[in-house]
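What follows is each chain in one-letter form.
Number of protein chains: 2
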Amino acid sequence: MKEKQQNILVIGAGLCGSLLALRLGQRGYNVSVYEMRPDLRKTDISAGRSINLAFSNRGNKAMKLVGLENKVKALCIPMNGRMIHDKEGNTFQSNYSGRNHEYINSISRGDLNALLLNEAEKHENVSIYFNKKCKSVNFENTTALFKDYETKSEFIEDADAIIATDGAGSAMRKSYYLSKAFLFSFSQEYLTHGYKELSILPTETGDYKTYKNALHIWPRGSFMLIALPNLDGSFTVTLFLSYNEGDYNFNNLTTPKMVTEFFQKEFPDALKLMPNLVEEFFENPTAPLGTVKCSPWHYKGNTLLMGDSAHAIVPFYGQGMNASFEDVVEFDNILDLNLENWESVFKTYEDTRKKDTDAIADLAIDNFHEMKDHIANPIFQEKRKLEMAFEKIFPSEYSSKYSLVTFNDNIGYKKAMLKGRAQDKAILNMLADGDILISDDIKENELKIILEKVKNQTKAILKDDRIAGLK
Amino acid sequence: MKEKQQNILVIGAGLCGSLLALRLGQRGYNVSVYEMRPDLRKTDISAGRSINLAFSNRGNKAMKLVGLENKVKALCIPMNGRMIHDKEGNTFQSNYSGRNHEYINSISRGDLNALLLNEAEKHENVSIYFNKKCKSVNFENTTALFKDYETKSEFIEDADAIIATDGAGSAMRKSYYLSKAFLFSFSQEYLTHGYKELSILPTETGDYKTYKNALHIWPRGSFMLIALPNLDGSFTVTLFLSYNEGDYNFNNLTTPKMVTEFFQKEFPDALKLMPNLVEEFFENPTAPLGTVKCSPWHYKGNTLLMGDSAHAIVPFYGQGMNASFEDVVEFDNILDLNLENWESVFKTYEDTRKKDTDAIADLAIDNFHEMKDHIANPIFQEKRKLEMAFEKIFPSEYSSKYSLVTFNDNIGYKKAMLKGRAQDKAILNMLADGDILISDDIKENELKIILEKVKNQTKAILKDDRIAGLK
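First to last, the sequence lines map onto chains P and E.
Going by the UniProt record's numbering, 45 is the number at position 45 of the first sequence; the sequence numbering is gapless.
Going by the UniProt record's numbering, 412 is the number at position 412 of the second sequence; the sequence numbering is gapless.
If you're looking for bench data, these hints aren't it; they were derived computationally from the structure.
Note that this is a predicted model, so its numbers are computed, not measured.
Incorrect hints may have been included.
[Unchecked claim] The calculated lysine to aspartate or glutamate pairs, modelled on DMTMM-like cross-linking and capped at a C-alpha distance of 25 Å, are:
# : chain 1 : residue 1 : chain 2 : residue 2
1 : P       : K347      : E       : D247
2 : E       : K463      : P       : E154
3 : P       : K392      : P       : D332
4 : E       : K419      : P       : D362
5 : P       : K414      : E       : D247
6 : P       : K415      : P       : E452
7 : P       : K415      : E       : E343
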């Protein structure tokens with residue numbers, strides 16, 4: 001394939017689409033991007049949803065690829081760990097890794113998207129059009145139908161290949177599903193919980209009202225509150241709560257009195273920092289939490305789904321954006337293979353990538369339960385303490401599941417999941433059975449013996465699963 | 001709820017719908033059933049798909065409930081085990097259980113459905129209408145829109161509650177999905193393989209051309225052929241094959257020569273019994289193999305999905321019909337609780353039942369791999385031999401996964417799956433590690449020791465999974 005002669009149509013100029021456009025532009029393709037929303041560099045379009053995001057190694061790998069690592073670093077607020085808040089307002093910090101250079105970052109979705117759009121538009125072979133909503137894709141003819149929100153007219157665009165990065169509600173995925181032209185496996189799974197974004201505003205002098213460099217969590221078993229810092233001194237707060245179960249839920253929190261009572265009872269220390277709680281609670285939308293998987297992502301060499309349109313996940317591992325960015329890196333690796341045509345590129349990409357995006361979808365649901373529940377559970381805390389010690393004392397010999405997923409971007413999500421789950425199972429069972437005992441003044445050689453036990457037990461678990469034909 | 005005053009609309013008069021109508025009729029409800037196809041008692045509507053089915057204990061539980069056990073028995077051909085055919089035409093039988101009274105049956109879908117329709121229509125409070133296709137359901141108003149294929153007109157029916165038993169392509173499920181009125185989790189997953197039905201006709205004297213009382217399997221690793229007996233001396237044969245992978249697949253088997261060559265090479269002994277192979281191969285459709293899961297099944301107390309409309313599964317465990325019949329038994333159990341309204345009935349039914357239909361869906365996919373592949377694998381054969389010995393010598397102490405799923409209808413599919421998978425894992429690993437050694441002249445006391453090892457190891461596996469928070 002001669003790259004410069006190829007016209008690529010990208011649907012959606014969100015984080016994944018704008019990164020993809022930038023990278024394809026760098027590679028010399030003619031890229032046209034159509035986005036249904038207005039240009040976010042000119043209009044505030046956040047509307048109380050996903051104002052900030054967790055940015056970590058897999059995402060950064062993509063920034064390195066396009067040469068933006070330093071510019072993105074300037075937008076980042078490091079979060080070294082979780083700051084857990086109990087009901088009495090006591091806090092304790094649980095770091096993400098025992099290695100000091102491993103941390104995640106809070107970043108503004110809007111700022112990052114704007115940076116990517118600016119960089120993409122620097123390439124004269126990249127054009128971005130806003131207020132153009134994709135209504136459907138004709139994957140046989142490699143054309144897409146758009147509605148122009150400004151002129152109210154509809155038009156059809158043709159291309160050599162169409163890549164849809166139009167998010168969880170993808171128009172192209174809908175065209176695949178409705179056509180029945182081929183067997184399309186598809187799932188949408190909702191959690192029983194929804195979420196609502198709130199905020200902790202800065203102090204009058206513009207300072208942070210609580211500790212800046214952490215992801216704050218108020219775990220309460222069947223629900224939780226979290227907070228991530230923003231550059232302006234505020235925090236974006238998210239409440240994850242059942243729609244209809246438990247004493248307090250989104251369906252019954254209908255009055256200012258009940259909302260205040262709920263926060264007073266469950267999150268008293270947060271409530272003190274949120275004088276605007278009631279107003280925001282009733283102004284901001286409650287949104288569902290869903291996982292989307294599907295296959296095939298591509299139709300012949302004509303069309304391809306990428307990012308959330310192919311694999312929308314729940315936010316609990318902080319990997320949604322990172323996974324979509326890694327999609328672009330993986331796709332770029334496949335382009336480097338110089339395969340004969342788009343069909344080979346798309347097929348090879350899906351064959352390589354899908355197992356990993358399926359894995360992060362499942363891991364994200366695991367972490368929903370871990371964050372709201374397990375992190376307040378003694379045996380999980382014991383495990384976490386042991387893993388921190390392993391990572392600190394033997395940094396090159398051990399990575400927890402969280403580290404494998406978040407910081408070990410040299411391995412795929414699937415491998416991280418299998419190894420990470422086996423490690424968790426090994427440690428939790430050895431702790432429960434009293435096979436390992438840890439004291440605060442444990443010596444390095446004792447810890448080393450425990451590490452070897454954990455490694456051996458992890459290997460045994462993986463081998464047993466393999467023999468039983470389990471994945 | 002006063003049962004006699006309630007008008008229930010049932011959509012679909014297939015196996016599940018006609019059984020449900022019969023049972024609700026027996027309980028005194030006013031039942032109207034609308035079926036899109038013609039009356040199968042008057043027209044042959046099989047069209048080369050699913051002519052016979054496996055009928056076993058869970059299905060029989062439902063027949064007992066409605067008093068039809070003996071009438072159904074007369075339609076059954078017992079199959080005591082699998083008859084495995086290798087490429088050289090050698091056969092060996094692998095029984096389904098070490099207990100002689102445990103076997104499955106081949107039964108005609110049409111004959112069984114006709115019996116259920118006849119029995120349902122004996123109740124004057126049950127009416128069945130044919131050639132009426134449900135186009136959509138208004139679940140807010142508890143009404144359904146039908147098209148009458150005879151008069152070409154459309155009409156709306158109202159009811160106190162609507163239960164859709166309209167199969168894998170359910171119109172009501174589609175109404176749930178498209179409405180976006182509530183969060184509807186939904187998945188459709190296709191296997192890479194499709195299936196095609198063929199046949200082995202009787203001899204000229206009406207006899208069976210091969211052994212009658214077995215489910216015949218020609219396992220070939222990535223594809224397989226199976227055959228089930230019919231009362232008329234014929235066998236219904238099904239080819240399970242990839243659409244597009246391997247040397248031979250549904251996409252490339254396009255000429256009589258290739259089809260014959262494929263059978264000559266892979267299934268020579270079957271080919272000898274199938275002089276009409278080529279004709280049938282090109283006349284009969286190739287159909288996909290899909291799994292459907294969804295939730296919620298019900299909308300308030302207005303509507304409910306049941307049978308394949310709620311949980312379509314692949315056919316490899318022979319449990320599709322049995323699961324749908326067990327739905328009716330479970331639903332009947334919930335009705336016995338005399339709950340306050342339909343919403344409580346529907347919710348309690350789904351809460352009780354869904355974990356089990358999810359499990360049988362997953363088990364059926366497991367068995368796809370087991371049937372085409374594992375049963376020709378030495379370590380799986382060794383395991384099977386051991387389990388047969390356990391069931392024969394210690395009949396009250398052990399049931400294999402297959403027995404738990406198929407014959408132990410006192411426990412749900414979920415429990416059968418968890419215990420059965422743990423047993424499989426225990427035995428396969430102990431065999432692989434040389435922890436248990438079996439000889440043909442093993443003594444009863446030696447076998448008893450091995451059984452205790454397997455039981456202990458199974459318990460340990462289940463405990464380890466529980467501690468690790470795995471399901």
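A quick look at each hint next to the structure:
no.: 1; hint: P/K347 / E/D247; result: holds, 19 Å
no.: 2; hint: E/K463 / P/E154; result: violated, 60 Å
no.: 3; hint: P/K392 / P/D332; result: violated, 35 Å
no.: 4; hint: E/K419 / P/D362; result: holds, 23 Å
no.: 5; hint: P/K414 / E/D247; result: violated, 30 Å
no.: 6; hint: P/K415 / P/E452; result: holds, 20 Å
no.: 7; hint: P/K415 / E/E343; result: violated, 44 Å
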